[in-house]
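Protein sequences appear in the order of chains A and B.
Heads up: the first sequence runs through residues 1 to 294, numbered per the working numbering.
Heads up: the second sequence runs through residues 1001 to 1452, numbered per the working numbering.
A portion of the hints provided could be inaccurate.
[What the hints assert, rightly or not] With a straight-line cut-off of 27 Å between C-alpha atoms, the simulated DSSO-like cross-links for lysine-lysine are:
#, chain 1, residue 1, chain 2, residue 2
1, A, 254, B, 1428
2, B, 1087, B, 1366
3, A, 136, B, 1266
4, B, 1266, B, 1176
5, B, 1441, A, 42
6, B, 1070, B, 1056
7, B, 1428, B, 1198
8, B, 1087, B, 1103
9, B, 1428, A, 121
10, B, 1103, A, 42
11, A, 42, B, 1056
12, B, 1266, A, 147
13, A, 136, B, 1159
14, B, 1203, A, 147
15, B, 1198, B, 1327
16, B, 1101, B, 1125
17, B, 1203, A, 42
18, B, 1087, B, 1099
19, B, 1125, B, 1356
20, A, 42, B, 1428
21, B, 1198, A, 147
22, B, 1099, A, 254
23, B, 1070, A, 254
24, A, 42, B, 1159
25, B, 1159, B, 1099
26, A, 285, A, 205
27, B, 1356, B, 1099
28, B, 1099, B, 1343
29, A, 228, B, 1101
30, B, 1103, A, 228
31, B, 1393, B, 1145
32, B, 1266, A, 121
33, A, 42, A, 285
34, A, 254, B, 1125
35, B, 1203, B, 1176
36, B, 1327, B, 1343
Worth flagging that the hints you see were computed from the coordinates, not collected in a lab.
Keep in mind the model is a prediction, meaning the values are calculated, not measured.
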Amino acid sequence: MHKLLSNRITVFWLVAPGLFLFLFMVCFPIAMSGYYGTTNWKGIGSYEFVGLTNYTNILFHDAVFWRSLWHALLLLAATLLIQHPIALFFSILVMHSGRFEKLFRAIFFIPAVISIVVTSKMWVSVFHPNYGMLNKILDGIGLSAWKQDWLGDPQLAIWSIIVVVMWQGFGYALLLYYAGLQGIPKDLYEAAELDGAGRISLYTKVVIPLLTPMVRVAVVIAVTACLKQMETVFLMTNGGPVNTTQFVGNYLYKTAFSSSLYGYGNAISVVFVIICLIITVVMNKAFKKDVGEF
Amino acid sequence: MKKLLSLCTVIILVFVLAACGTSNNVNKNNTDKSTKEPAATKEPNKDKPAEQITLKLFTALADRTNGAGKIEQAIIDAYMADNPNVKIEVEALQDEPYKSKIKVYASTNTVPDIIQSWGQSSFIKPLIDSDMLMELNADEFTSNKFVSGAMDGFSQDGKLYGLPRGADFLVLYYNKKIFDDNNLQVPTTTAELLEVSKQLRAKGINPIATNAMEGWSLPIWFEYAAQRQTGDFNKIDDVLAGKSTFASDADFLAAAQDLLALAENKALADGFLTADYGTARNLFGQGQVAMYVMGNWEAGLATDENFSEEFRNNVGAISYPTTAKGKATDVAAWFGGGYSISKNSKNQEAAVAFLKYFFAPDNWAKQLWQTGSGTPAQVFNDFLTGNESALQKQLVDMFGSMTSSSGTPFHDNGTDEFKTKVMESHQKLFGKQISAEDFLKELDAAVSVLRK
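Looking at chain A on its own, in the form it has when it is part of the complex (with noise of 0.2 Å):
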């Protein structure tokens, strides 16, 4: 076995088949995109080759670019902050429900599988100014002041829309530390308790630490689903009022396909591909430190 593992050439052919996979559907495709963000492509008809334009203008002109970056950074401080937190503790409480565990489990997590079209849609209505669920509840328990255009004031839309999806991915957060917990030995609670640990140290001292692995997996989901954020913004305000919630999926599916700027969607999707590479590497430095075996 060794000794076949060592063929350089029999190791190429193991690999060939993945590589060419990746090769096709991602450095092929990302390599077309560079090519075309250096044209001034229309969509329709011929285009000229116009250099570095694209990418100098995205980087130093694009106010709208940064904003739309900008946000993804807001929703992934959002995420990381408020709701992971709240999923934790949601998954330790669901832990600790007895019979009602598994209902509770399929109840977080009801979000997670209907169809984003269907949720989102059903938020425009509940924050609709007119005939909304929510500015009806604040009206019904005299709070009418606190009413709000909730998707249509430019201040506001975002917070909306980072409430969304918040809410949207909530049940796959929770069920990622749920799993986590179920997979800590039932022994080191055990021990935890003989040692006179209480509840709170139990779980700061012992059981979150433990949740490193778990924790290390749920962020870098989180890093890509805020980056990658699109459907959600496109069915509710589609980045409006005016770009206040504008994400860079969104923007570049915007700028190649309504304003036909083909050429500059292209080296959008270039700078943006780059972006994320950079923030992997960060990622994968800062998450070296290993937890250890237990």
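Assemble chain B onto chain A, guided by the hints.
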């Protein structure tokens, strides 16, 4: 290891280079095909005249069970019944997805035989310039009685590339009941429009709805506002032609300020910036909004069973409120969607024959009018039944008494990039994000995109 690495780099390089190479090859193959195929297919056609023909029709009338889409499908079905050797395959998508997909078809040189086209340069010009549409002979369609000027948008350099399906114009729909209940009059001047909006707001009623999320109704609205200040729809065309600018004209500034005043007094329904077509229409139909800025194609509001009978009996329409300079007979009207035939179509003759049938006066024009689904771009006086809804009568009167019209909506008079910029600056103005002066500057910046 080093060897393996270098092997990988070589492979990647090969594929990257191959990528650049293949795109050229594809183009070559396509041009080869287009020159060879007509010759190859013509001969068998002569031998067997009743050969089975399949026509692909790509349309943006996505709703096949209501309104114009239903009529289109009915005519197609009738044509296939009359001509058993012709099979018409329909692909239907909503406007925006339609416009995206047609670009995919165009860039892969596989445009369907008959496509919906818009007689507006943002849509039709790239297709004509890339030599993808077949030139039509206007003389062949004289019996279809198109209204004069209807084919202008579909023509370039004196050649005709498409046929218009309907005439469109923007109107102000109103719900009479809301006005009566609150002792208000339907506004006839722009000053009254602002005043009525304030009063409706004071009573907790949303004044005006429109689909500002998509954004295309706003520039047409601005055309109205500008005409009411300048007295001339052509002034915007002059700006587009480079003869003047928006920012330098006091009348345009006044028009922008009029719209800003509406926005500042909350004349637009709550959440209008995120309201899409369906949302805006439903708000009006459910009696939650007093007025609705939309095209004449919504004549069916008066017969839509989804809305209450009370609403259906109370809906009416007027031209945009007037000033001393702009009259109610100056209407923002244009010829919208129609059909074109692909230059690469193997069955061009069959496609032309179908369009002749489609536009025969008894088919499209009559059925469209009598179902209240829109206003045909053909002469339809013969088809007035006397049973039209009050709303339909108001609309046809407006159309009939028109003394000047805007022509193609100005955001459609350029590239898609121009269109997006124009619509976005309108969304900013209506959303109170910019001043009237900055709005005009942004419009000028958008126009400069056309000059590049």
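Now the hints, each set against the structure:
Between residue 254 (chain A) and residue 1428 (chain B), the direct Cα distance comes to roughly 17 Å. Compliance with the 27 Å bound is thereby established for this hinted pair. Restraint check for residue 1087 (chain B) and residue 1366 (chain B): satisfied, since their Cα atoms lie roughly 24 Å apart, inside the 27 Å limit. Proposed proximity of residue 136 (chain A) and residue 1266 (chain B) is supported: the alpha carbons are some 20 Å apart, at most 27 Å. A C-alpha spacing of about 20 Å is found between residue 1266 (chain B) and residue 1176 (chain B), which places the hinted pair at or below 27 Å, so the restraint holds.
Proposed proximity of residue 1441 (chain B) and residue 42 (chain A) is supported: the alpha carbons are some 25 Å apart, at most 27 Å. A hinted pair counts as satisfied when its Cα atoms are at most 27 Å apart, and residue 1070 (chain B) with residue 1056 (chain B) qualifies at roughly 18 Å. For the proposed pair residue 1428 (chain B) and residue 1198 (chain B), the alpha carbon gap of about 21 Å is at most 27 Å, so the pair holds. Restraint check for residue 1087 (chain B) and residue 1103 (chain B): satisfied, since their Cα atoms lie roughly 25 Å apart, inside the 27 Å limit.
Distance restraint check for residue 1428 (chain B) and residue 121 (chain A): the Cα-Cα separation of roughly 24 Å lies within the 27 Å cut-off, and the hinted pair is therefore satisfied. At most 27 Å may separate the alpha-carbon atoms for a hinted pair to count; residue 1103 (chain B) and residue 42 (chain A) meet this at roughly 9 Å. Of the supplied pair hints, the one linking residue 42 (chain A) and residue 1056 (chain B) holds, its CA atoms being roughly 25 Å apart against a limit of 27 Å. Our distance criterion of 27 Å between C-alpha atoms is met by residue 1266 (chain B) and residue 147 (chain A), whose separation comes to about 15 Å.
Proposed proximity of residue 136 (chain A) and residue 1159 (chain B) is contradicted: the alpha carbons are some 58 Å apart, above 27 Å. Using a Cα cut-off of 27 Å, the hinted pair residue 1203 (chain B) and residue 147 (chain A) holds, with the two alpha carbons roughly 17 Å apart. Between the alpha carbons of residue 1198 (chain B) and residue 1327 (chain B) the distance comes to roughly 23 Å, so the proposed pair stays at or under 27 Å and holds. At most 27 Å may separate the alpha-carbon atoms for a hinted pair to count; residue 1101 (chain B) and residue 1125 (chain B) meet this at roughly 16 Å.
Only pairs whose Cα atoms come within 27 Å are accepted, and residue 1203 (chain B) paired with residue 42 (chain A) is rejected, the gap being roughly 49 Å. Pair hint residue 1087 (chain B) plus residue 1099 (chain B) holds up; C-alpha atoms about 24 Å apart against a cutoff of 27 Å. This hinted pair checks out: residue 1125 (chain B) and residue 1356 (chain B) have alpha carbons roughly 24 Å apart, not beyond 27 Å. For a cut-off of 27 Å, the pair hint linking residue 42 (chain A) to residue 1428 (chain B) stands: about 26 Å separates their Cα positions.
About 20 Å separates the Cα atoms of residue 1198 (chain B) and residue 147 (chain A), which keeps this hinted pair within 27 Å; it holds. A C-alpha spacing of about 12 Å is found between residue 1099 (chain B) and residue 254 (chain A), which places the hinted pair at or below 27 Å, so the restraint holds. Taking the CA atoms of residue 1070 (chain B) and residue 254 (chain A), the gap is about 30 Å. The hint is violated against a cut of 27 Å. Distance hint between residue 42 (chain A) and residue 1159 (chain B) is fulfilled; the C-alpha atoms sit about 24 Å from each other, no more than 27 Å.
Restraint check: the Cα-Cα separation between residue 1159 (chain B) and residue 1099 (chain B) comes to about 23 Å, which is no more than 27 Å; the hinted pair holds. Straight-line distance between C-alpha atoms of residue 285 (chain A) and residue 205 (chain A) comes to about 25 Å, which keeps the hinted pair within the 27 Å bound. For the proposed pair residue 1356 (chain B) and residue 1099 (chain B), the alpha carbon gap of about 25 Å is at most 27 Å, so the pair holds. Annotation: proposed proximity of residue 1099 (chain B) to residue 1343 (chain B) holds, straight-line Cα distance about 18 Å (limit 27 Å).
With a C-alpha separation of about 23 Å, the suggested pair residue 228 (chain A) and residue 1101 (chain B) falls inside the 27 Å cut-off, and the hint holds. With a C-alpha separation of about 24 Å, the suggested pairing of residue 1103 (chain B) with residue 228 (chain A) holds against the 27 Å cut-off. Taken as a hint, the residue 1393 (chain B) and residue 1145 (chain B) pair is honoured in the structure, with Cα atoms around 22 Å apart against an allowance of 27 Å. This hinted pair checks out: residue 1266 (chain B) and residue 121 (chain A) have alpha carbons roughly 25 Å apart, not beyond 27 Å.
Taken as a hint, the residue 42 (chain A) and residue 285 (chain A) pair is broken in the structure, with Cα atoms around 40 Å apart against an allowance of 27 Å. Between residue 254 (chain A) and residue 1125 (chain B) the CA atoms are separated by roughly 21 Å; this keeps the pair inside 27 Å, and the hint holds. For the given pair, residue 1203 (chain B) sits about 16 Å from residue 1176 (chain B) by alpha-carbon distance, which is consistent with the 27 Å threshold. The hinted pair formed by residue 1327 (chain B) and residue 1343 (chain B) fails the criterion: a straight-line CA distance of about 43 Å is larger than 27 Å.
Checked against the numbered hints above, the structure violates hints 13, 17, 23, 33, 36; every other hint is satisfied.
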